[in-house]
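S.K.: With the hints as extra help, turn the sequences into a complete structure.
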Amino acid sequence: FVDSQKAGVSTFIADQVKRWDLAQLTRLIEMNIGRDLQYIRFNGMIIGGLAGVVLYVAERLFLVN
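The sequence shown begins at 19 in the working numbering and counts up by one.
There is no bait here: all hints are sound.
Derived Cβ-Cβ restraints for the label pairs, each shown as a range:
hint : residue 1 : residue 2 : range
1    : L55       : S28       : 24 to 32 Å
2    : Q23       : L68       : 45 to 53 Å
3    : V72       : V35       : 40 to 48 Å
4    : V72       : Q34       : 43 to 51 Å
No wet-lab data here; the hints were simulated from the structure.
Note that CB positions come from ideal geometry on N, CA and C, so glycine has one too.
M.R.: Below you can see the structure in the form of structure tokens.
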């Protein structure tokens, strides 16, 4: 049954997704993966901050002397 309906189901899903506006799509993404995105943002902030500190310290140690 599934194999015989595969094309119809995929067409139905594609048509539904095409009808979504940007606000609906954004809301759906944020509800389903928003927590993961927040984790990625937080980790990026921490890594970026640490990289900045390392670069600052390296500049002070090697370029000032």
